[in-house]
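Undergrad: So the chains spell out like this:
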Amino acid sequence: MNLIPETKLAEAVESLPALLPIMERFGLPLGVGEHTIQTMCADKGVDINVFLFVSNLYLSGEVSKDIRFESVWLPCLLRYLQQSHNEYLEERYPEIKAQISKMQALNENRGVKMVGHFFEEYMKEVNEHLDYENNTVFPYILQLVGGQLSGQNNFSVDEYKEHHDDIEEKLADLKNLLIRHLPVENDGRSRRILLEHLFKLEFDLHIHSMIEDHVLIPLVEKLENERN
Amino acid sequence: MNAIDMATQSEHILIAHPSAIVYLGFSSVIKMANIKGEIVYAYSLSQLESRLKMQPYSRVFISPMLVLNAVPVVADLVQRFHCRWVLLVSEIMPRQLNELFHERIFLDDSVDELIKSLNNNPEPQQNHSELAKQILSDRELDVLKLLVEGFSNKEIADKLYISTHTVISHRKNIIQKTGIKSVSGLTIFAVVNKLIGVDDYFPT
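First to last, the protein sequences are chains G and L. Last residue of the first sequence? That's 351 in this note's numbering, and every number before it is there in order. Last residue of the second sequence? That's 274 in this note's numbering, and every number before it is there in order.
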């Protein structure tokens with residue numbers, strides 16, 4: 124199903140349940156009634172181009188070549204990304220942490236005990252990355268969009284890219300350890316649930332990285348060139 | 071006199087460790103594991119040898135501290151006195167020591183894990199290391215252990231008398247065979263496969 128402005132939201136959600144967290148992050152509430160994507164976005168002050176871009180990205184897993192991303196879309200996109208951050212920190216990560224504890228209660232293996240610590244390390248890196256985005260990258264981008272010439276710039280594209288490589292790598296390692304290397308005792312079910320959470324998170328983070336790599340960074344470079 | 075009296079299933083156990091506290095603690099755990107029999111103490115290598123000469127034992131638990139400076143002496147004892155020789159480990163051990171003994175027990179394991187290890191047949195413990203040895207070559211295992219101990223590529227190269235380029239090549243193979251990229255991930259792999267012991271880096 125391809126989403127267009129005239130698509131009824133109720134039908135869209137029925138066919139594509141993956142839209143639910145996306146709607147939440149954009150601030151589009153359920154109880155959608157007869158709303159189309161267009162009317163709902165207009166109602167809630169959400170840029171429909173950004174909504175369609177993000178939704179189609181989730182559904183296809185690719186950035187469409189014919190989309191030309193406009194810099195005016197940036198404030199809405201950044202708000203979306205910030206809402207994703209909140210969701211990770213307030214919902215997803217605590218969920219995963221709790222699931223790890225459950226698993227550890229049922230498995231005495233030393234390697235399994237270390238998973239908790241491994242995840243803590245991973246969370247530290249994630250927090251660093253999200254802080255960097257919230258406090259350095261996003262304000263900088265908004266300044267560029269606003270045309271402000273600011274001397275303060277701690278933003279480094281290379282550092283930015285390095286962050287999410289590290290994070291994705293650790294998550295992949297954790298999955299691998301759970302699937303291949305860590306022996307199971309009585310924790311089969313909680314391990315399965317944990318892995319389901321991790322797969323879901325991994326996909327989400329992957330889309331997040333794609334937005335950063337294929338949209339944010341090129342736009343920043345373009346805006347910097349225009350400014351100079 | 072039999073080392074294991076089959077009728078009453080009782081064993082003759084020897085604990086060779088310089089610390090009396092470890093001996094007392096470990097004896098308690100052995101009793102908690104419902105292992106019946108006598109437990110004898112030796113605090114030095116010479117005491118160990120005289121005890122071994124006096125009667126057969128079913129299991130000897132020995133501290134690395136007694137082995138490290140006297141490897142040939144201990145290797146000789148292991149050859150002469152046949153029983154299960156178990157190394158009591160609490161830190162990262164050079165592989166040469168591991169290969170002298172039939173099994174290892176990690177002193178920083180929980181009491182439940184210790185009891186399990188004591189009641190296990192020798193095979194399961196060895197299986198884990200065997201598995202890792204099947205996946206990774208000897209050299210790759212050497213590199214992996216130094217890597218998780220925190221050494222850089224250059225330092226690993228120096229220790230193994232190979233080039234940095236070769237170390238990197240081994241690392242690539244390790245990643246490809248295990249599917250794990252990060253050093254902390256590889257550390258968990260090493261612990262699961264009993265290639266290293268858990269130390270202060272990883273509080274549980």
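Be a bit skeptical, because a hint or two may be false.
[Stated by the list, open to error] When the alpha-carbon atoms are kept at most 30 Å apart in a straight line, the in silico DSBU-like pairs for lysine-lysine are as follows:
hint	chain 1	residue 1	chain 2	residue 2
1	L	Lys247	G	Lys220
2	L	Lys101	G	Lys298
3	L	Lys186	G	Lys225
4	G	Lys247	L	Lys251
5	L	Lys247	G	Lys236
6	G	Lys284	G	Lys188
7	G	Lys236	L	Lys123
8	G	Lys298	L	Lys215
9	G	Lys298	L	Lys242
10	L	Lys106	L	Lys186
11	L	Lys186	G	Lys220
12	L	Lys186	G	Lys284
13	G	Lys298	L	Lys247
14	G	Lys323	L	Lys106
The hints are simulated quantities; they were obtained by calculation from the structure and are not laboratory data.
Undergrad: Give a verdict on every hint.
TA: Verification of the supplied hints:
With a CA separation close to 28 Å, the supplied pair L:Lys247 and G:Lys220 stays within the 30 Å bound. With a CA separation close to 39 Å, the supplied pair L:Lys101 and G:Lys298 exceeds the 30 Å bound. Distance restraint check for L:Lys186 and G:Lys225: the Cα-Cα separation of roughly 21 Å lies within the 30 Å cut-off, and the hinted pair is therefore satisfied. With a CA separation close to 18 Å, the supplied pair G:Lys247 and L:Lys251 stays within the 30 Å bound.
The straight-line distance between the Cα atoms of L:Lys247 and G:Lys236 is roughly 23 Å, inside the 30 Å bound, and the hint therefore holds. About 21 Å separates the Cα atoms of G:Lys284 and G:Lys188, which keeps this hinted pair within 30 Å; it holds. Annotation: proposed proximity of G:Lys236 to L:Lys123 is violated, straight-line Cα distance about 41 Å (limit 30 Å). Simply put, G:Lys298 and L:Lys215 have alpha-carbon atoms about 22 Å apart, close enough for the 30 Å limit, and the pair holds.
About 19 Å separates the Cα atoms of G:Lys298 and L:Lys242, which keeps this hinted pair within 30 Å; it holds. A threshold of 30 Å between alpha carbons decides the hint, and for L:Lys106 with L:Lys186 the separation of about 15 Å falls inside it, so the pair holds. Of the supplied pair hints, the one linking L:Lys186 and G:Lys220 holds, its CA atoms being roughly 27 Å apart against a limit of 30 Å. Between L:Lys186 and G:Lys284, the direct Cα distance comes to roughly 46 Å. Violation of the 30 Å bound is thereby established for this hinted pair.
At roughly 15 Å between alpha-carbon atoms, G:Lys298 and L:Lys247 fall within 30 Å of each other, so this suggested pair holds. Proximity of G:Lys323 to L:Lys106 is assessed by CA-CA distance (about 51 Å); at most 30 Å being required, the pair is judged violated.
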